[in-house]
Amino acid sequence: MSQTKRSEVKKERRSFLNTLLKTGLVAWVASVIYPVARFLIPPKMAELNVSSIEVGLISDFPKSSSKIVRFGRKPIIVIRKESGDFKALEATCTHLDCNVQFKSETEQIWCACHNGLYDIEGKNISGPPPKPLAQFKVDIAREKIIVSQMDLS
Amino acid sequence: MIKRSYWLLIGLLFSFSTLIADSTLKKDACVSCHIEVDEENDDEDKIVSYYKSDLHVKLGFSCADCHGGDPEAYDDEDEAMWENDTFIGVIEKEEQLEVCGKCHSNPVFMRQYSTDIKVDQVTQYLTSGHGIALENGNENVAVCSSCHGVHGILPVDDPRAPVYAKNIPKTCSKCHSDETVMFESGLPTNQFTEYEMSVHGMALLDRGDIGAPACNDCHGNHGASPPYVSNVDQICGTCHSNNKDLFQKSHLNDIFLSKGLGQCEACHGNHDIAKPTDEFLNWADESTCKPCHEDSHPAKALALSFYQTIDSLKTGLEHARKMVEKAEHKGMIVSNLLFDLDDAKKALIHTRTNIHSFNKAFVDTGAAPGFQSIQAAIIGAKESLEEVEYRKKGLFIFSLIITFFVIAIGFKINEWKKQRESASN
Amino acid sequence: MKIYEWINERVDISSIKKIALKKRVPIFYGTIWYYLGGVSLFLFMIQVFTGILLVLYYQPGAETAYESVKFIISRVEFGWLIREVHSWSANLFILFVFFHMFTVFFAKAYRKPREMTWISGMILLLLSLGFGFSGYLLPWNELAYFATKVGSDIAGAIPIIGDFALRLLRSGDEVSGATLTRFYGIHTALLPGIFTVMLGLHLILVQVQGMSVPPEIEKIPEKERKSIPFFPDFALQDAMAWLIVLNIIALLAVFFPWELGPKADPLASAPAGIRPEWYFMFMFQTLKYIPAHVLFIEGELFGILLFSIGGFIWFMVPFLDKKAHEGIRTPFWTWFGILLIIYMIVFTAWGYLT
Chain X
90 MSQTKRSEVK KERRSFLNTL LKTGLVAWVA SVIYPVARFL IPPKMAELNV SSIEVGLISD
150 FPKSSSKIVR FGRKPIIVIR KESGDFKALE ATCTHLDCNV QFKSETEQIW CACHNGLYDI
210 EGKNISGPPP KPLAQFKVDI AREKIIVSQM DLS
Chain U
17 MIKRSYWLLI GLLFSFSTLI ADSTLKKDAC VSCHIEVDEE NDDEDKIVSY YKSDLHVKLG
77 FSCADCHGGD PEAYDDEDEA MWENDTFIGV IEKEEQLEVC GKCHSNPVFM RQYSTDIKVD
137 QVTQYLTSGH GIALENGNEN VAVCSSCHGV HGILPVDDPR APVYAKNIPK TCSKCHSDET
197 VMFESGLPTN QFTEYEMSVH GMALLDRGDI GAPACNDCHG NHGASPPYVS NVDQICGTCH
257 SNNKDLFQKS HLNDIFLSKG LGQCEACHGN HDIAKPTDEF LNWADESTCK PCHEDSHPAK
317 ALALSFYQTI DSLKTGLEHA RKMVEKAEHK GMIVSNLLFD LDDAKKALIH TRTNIHSFNK
377 AFVDTGAAPG FQSIQAAIIG AKESLEEVEY RKKGLFIFSL IITFFVIAIG FKINEWKKQR
437 ESASN
Chain Z
2 MKIYEWINER VDISSIKKIA LKKRVPIFYG TIWYYLGGVS LFLFMIQVFT GILLVLYYQP
62 GAETAYESVK FIISRVEFGW LIREVHSWSA NLFILFVFFH MFTVFFAKAY RKPREMTWIS
122 GMILLLLSLG FGFSGYLLPW NELAYFATKV GSDIAGAIPI IGDFALRLLR SGDEVSGATL
182 TRFYGIHTAL LPGIFTVMLG LHLILVQVQG MSVPPEIEKI PEKERKSIPF FPDFALQDAM
242 AWLIVLNIIA LLAVFFPWEL GPKADPLASA PAGIRPEWYF MFMFQTLKYI PAHVLFIEGE
302 LFGILLFSIG GFIWFMVPFL DKKAHEGIRT PFWTWFGILL IIYMIVFTAW GYLT
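Here the protein sequences come in this chain order: X, U and Z.
The first sequence begins at 90 in my numbering and counts up by one.
The second sequence begins at 17 in my numbering and counts up by one.
The third sequence begins at 2 in my numbering and counts up by one.
Just so you know, these hints were derived from the structure itself, not from any lab.
Model, not experiment: these values are computed from the prediction.
Just so it is clear, CB atoms sit at the ideal spot from N, CA and C, and this is done for glycine as well.
Be a bit skeptical, because a hint or two may be false.
Stated by the list, open to error - Cβ pair distances, simulated, as ranges:
1. Z:G201 / X:D149: 51 to 61 Å
2. U:W432 / X:R127: 32 to 42 Å
3. X:R127 / U:K265: 53 to 63 Å
4. U:D327 / Z:G186: 37 to 47 Å
5. X:Q197 / U:P242: 51 to 61 Å
6. U:P123 / Z:A271: 40 to 50 Å
7. U:D327 / X:D174: 36 to 46 Å
8. X:K163 / U:D327: 22 to 32 Å
9. X:E210 / U:D174: 43 to 53 Å
10. U:F420 / Z:G186: 40 to 50 Å
Said to hold, decoys possible - Each computed DSBU-like pair below joins lysine-lysine, with the alpha-carbon atoms no more than 35 Å apart:
11. X:K233 / U:K362
12. Z:K324 / Z:K224
13. X:K170 / X:K111
14. X:K156 / Z:K324
15. X:K94 / X:K133
16. U:K433 / Z:K113
17. X:K212 / X:K192
18. Z:K18 / Z:K224
19. U:K362 / U:K338
20. Z:K323 / U:K346
21. U:K428 / X:K94
22. X:K111 / U:K428
23. X:K152 / U:K376
24. U:K68 / U:K182
25. U:K338 / X:K156
26. U:K43 / U:K118
27. U:K316 / U:K361
28. Z:K71 / X:K163
29. U:K433 / X:K220
Using the sequences and the hints, build the whole thing.
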């Protein structure tokens, strides 16, 4: 091969290598920027909040009805009394951990497993349950029902 | 140095303290004599020391209030006891009803101490197994003191009382497990041993759950007698109300009654109630249906369909649980899936109660939410595992890019080296 | 390069370029050690980068810290990746810093004129351990809570100022939410500030003084010593090493994720087998086995004194090992280093095996 041909081949090899290098750099930068960019975009749920949750609108709860919802890791029962007021209690029976239910006729809370009975305030009034149901705070903010932990004071 | 006046005070306090300790127990004629008698008795016969802790002492009752005699007749045995008209002395079994009942059956009297205390104990007792046997001349029965104690009677809610919930099975079995005592009545003596191993026995005695029934919760207290066959479901239903309601509505209820079978008892036993297993519904050795039904009877198909539903829930739940654990193992957060597993478990418990309706449609409807929760958990776990695979794929691609880039750089370095070498040549 | 020319027309950086291009890296059996400092630097940069990303979602405070970390790794896109990289890179950073320190020690690079580089490096080591200790608590999980409790207890054993030091560290008498806030400030503001200054000093010294070689190599006349230019050759080799380390971290992040575990509960009893992070383990294990009283000194205090004196000697090595400047390798110091490494490895392993 002549001198010029050799240097031409060398130039080609060099520019090919440069292209490879540039491609590699771009690919690498992209593979780092892509997850970082996705990371920066906030997810739909703004935060993992277990000190208070929104359980719905007032209109979701007819009078004398109840719903069991998840509060962090625990189930709670949210009740709308005949009077229209709201009450939120833990839904796990203090006897052997079954889920309690709301009896609208007597406005009491009943556990189907061994016939345990609590009054509307969560106090255990008959049957095996040894302790009352834990209380939760209910606030109404613009038609929305917010349940949060009771203040320790 | 403590002032002399302080020593005097301390000395006075000391001498008073001996009085203070027994200040609730009036040191009347009975007590002052019997304290000395006690010193010559064995520990278990020391009457006064027992009586000191008695509930009646705290309310101001003296020995004479039950035993009669003159509590003011100090140092005169005859005047205090033998020559006194009211003196009863040792109270015989039959006499107990009268002596205890004198106060405890008198509503006007008892109201002084508590407005809601019951006054029907003696009336109830006379209807009980014990009461009837006693009337028929069987002295080997329980009377008031047999269960409540005699001189150191404690209230029912005192954990040291023989009639406190946890202590009741032992108190009853004192007689009911003793063959010599039960010989005359001909009653069996295996109840306590059976109860001890039962679900209720283990809950009450081992775990201390006073929500679990003791003997009196099913047999009654003062009116203690075995439940009528037709009432067994009411007794069990006090706690197991759902099972009772479903069974009463089912077609088996009337059939059982007509055959003299004690509803719940027929399948679950009475004292030896063990934790029920799903094998009760299987058509094999532990089946509770086979003892009555032939293989050709539709009961077999029904029992097996129940067994199938429960088994599917169980295996589904187990499968879902394994998948969730696998996802958790691989580093994924699964707390919301644990909720679904919990719901499925509750549906399983629910279904096991529902079979007491002996209605296939009802049971299947009740089990449906359980299957839904299982599906939700499985789907969630699958998604988590897919995410793990996605991450591995991402890693693979990233590694390829890096490898490629590193090799390219390596070649470039090489090229520069060669350039420099050729330039210096 | 257009950018270079644009800047150079405004600020004279041509002298910097000249100096940079002059920098050469000696080639001998120990060249591979030269990578260690650079990799440590790279890992620190990863920490800053991923740390800033985490700070965008992390919420300090006893009621929110754990939940926010859980949120990051389960809900934020690639949150798991950023967190895992940060955790793994932190551990690798300390590991490489130790490697770097020991290779520098055995190469006797601390001898005159590089004493200040060693001192600044030692300060950087302490700051790194501070980063590790403060950062470990931030997820507010059970393991971290108790490790911090045990670790900070040791501060209380310092004579005279012990109680004060403990309260200062813990922002109170117990490890609490206040401690978490303080550690957060230390980890994200205080330490990064001081570290940057120290690191700047350390790097400038290295650039200005050039790469050191062991006394044996220094004896060889300069003309016969092999070397390559830093720019572009070694710089690119550095880049290759950094990329490979990055790949390893990615691998670890995917296959060996760090567990978050349960949330810290100050009222719960300590779980069995609490231990500090691995880089404190050898000290922890030593303190465990010192008898309650050595002579007239309380055991824990004796341990602290031991570590303080040992640390101080290590810190002052450039001034104690004077012979090194003359090119003499004193067996005492060689053995000191070897025994120190063996001690650290054995006690760390022992701590994990029990």
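We went through each hint and held it up to the structure:
Against the hinted window of 51 to 61 Å, the Cβ-Cβ separation of G201 of chain Z and D149 of chain X comes to about 60 Å, which satisfies the hint. The hint said 32 to 42 Å for the Cβ distance between W432 of chain U and R127 of chain X, and at roughly 37 Å that hint holds. Taking 53 to 63 Å as the suggested C-beta distance range, the pair R127 of chain X and K265 of chain U conforms, at roughly 58 Å. Distance hint check for D327 of chain U and G186 of chain Z: the Cβ-Cβ separation is about 58 Å, which falls outside the suggested range of 37 to 47 Å.
Distance hint for Q197 of chain X and P242 of chain U: a CB-CB separation of about 32 Å, inconsistent with the stated range 51 to 61 Å. Range check, P123 of chain U to A271 of chain Z: about 59 Å between beta-carbon atoms, so the 40 to 50 Å window is missed. The supplied range of 36 to 46 Å is met by D327 of chain U and D174 of chain X, whose beta-carbon atoms lie about 45 Å from each other. For the pair K163 of chain X and D327 of chain U, the beta carbons lie near 30 Å from each other, so the given range of 22 to 32 Å is met.
For E210 of chain X and D174 of chain U, the hinted distance range of 43 to 53 Å is not satisfied, since their beta carbons lie about 29 Å from each other. In this structure the supplied range 40 to 50 Å holds for F420 of chain U paired with G186 of chain Z, their Cβ-Cβ distance being about 42 Å. Among the hinted pairs, K233 of chain X with K362 of chain U is consistent with the structure: their alpha-carbon atoms are about 30 Å apart, no more than 35 Å. With a C-alpha separation of about 25 Å, the suggested pairing of K324 of chain Z with K224 of chain Z holds against the 35 Å cut-off.
Between K170 of chain X and K111 of chain X, the direct Cα distance comes to roughly 69 Å. Violation of the 35 Å bound is thereby established for this hinted pair. For a cut-off of 35 Å, the pair hint linking K156 of chain X to K324 of chain Z is broken: about 81 Å separates their Cα positions. In summary, the hint linking K94 of chain X to K133 of chain X is not supported, as the alpha carbons are separated by about 61 Å, beyond the 35 Å threshold. In summary, the hint linking K433 of chain U to K113 of chain Z is supported, as the alpha carbons are separated by about 33 Å, within the 35 Å threshold.
About 15 Å separates the Cα atoms of K212 of chain X and K192 of chain X, which keeps this hinted pair within 35 Å; it holds. Distance check on the hinted pair: K18 of chain Z and K224 of chain Z sit about 24 Å apart at the alpha-carbon level, within 35 Å; holds. A threshold of 35 Å between alpha carbons decides the hint, and for K362 of chain U with K338 of chain U the separation of about 18 Å falls inside it, so the pair holds. Straight-line distance between C-alpha atoms of K323 of chain Z and K346 of chain U comes to about 54 Å, which puts the hinted pair past the 35 Å bound.
Distance hint between K428 of chain U and K94 of chain X is fulfilled; the C-alpha atoms sit about 21 Å from each other, no more than 35 Å. Proposed proximity of K111 of chain X and K428 of chain U is supported: the alpha carbons are some 11 Å apart, at most 35 Å. The straight-line distance between the Cα atoms of K152 of chain X and K376 of chain U is roughly 34 Å, inside the 35 Å bound, and the hint therefore holds. Restraint check: the Cα-Cα separation between K68 of chain U and K182 of chain U comes to about 24 Å, which is no more than 35 Å; the hinted pair holds.
With a C-alpha separation of about 30 Å, the suggested pairing of K338 of chain U with K156 of chain X holds against the 35 Å cut-off. For the suggested pair K43 of chain U and K118 of chain U, the alpha carbons sit about 24 Å apart, so the restraint of at most 35 Å is met. Taking the CA atoms of K316 of chain U and K361 of chain U, the gap is about 26 Å. The hint holds against a cut of 35 Å. With a CA separation close to 17 Å, the supplied pair K71 of chain Z and K163 of chain X stays within the 35 Å bound.
Pair hint K433 of chain U plus K220 of chain X does not hold up; C-alpha atoms about 81 Å apart against a cutoff of 35 Å.
Hints 4, 5, 6, 9, 13, 14, 15, 20 and 29 from the list above are not met by this structure, while the remaining hints are.
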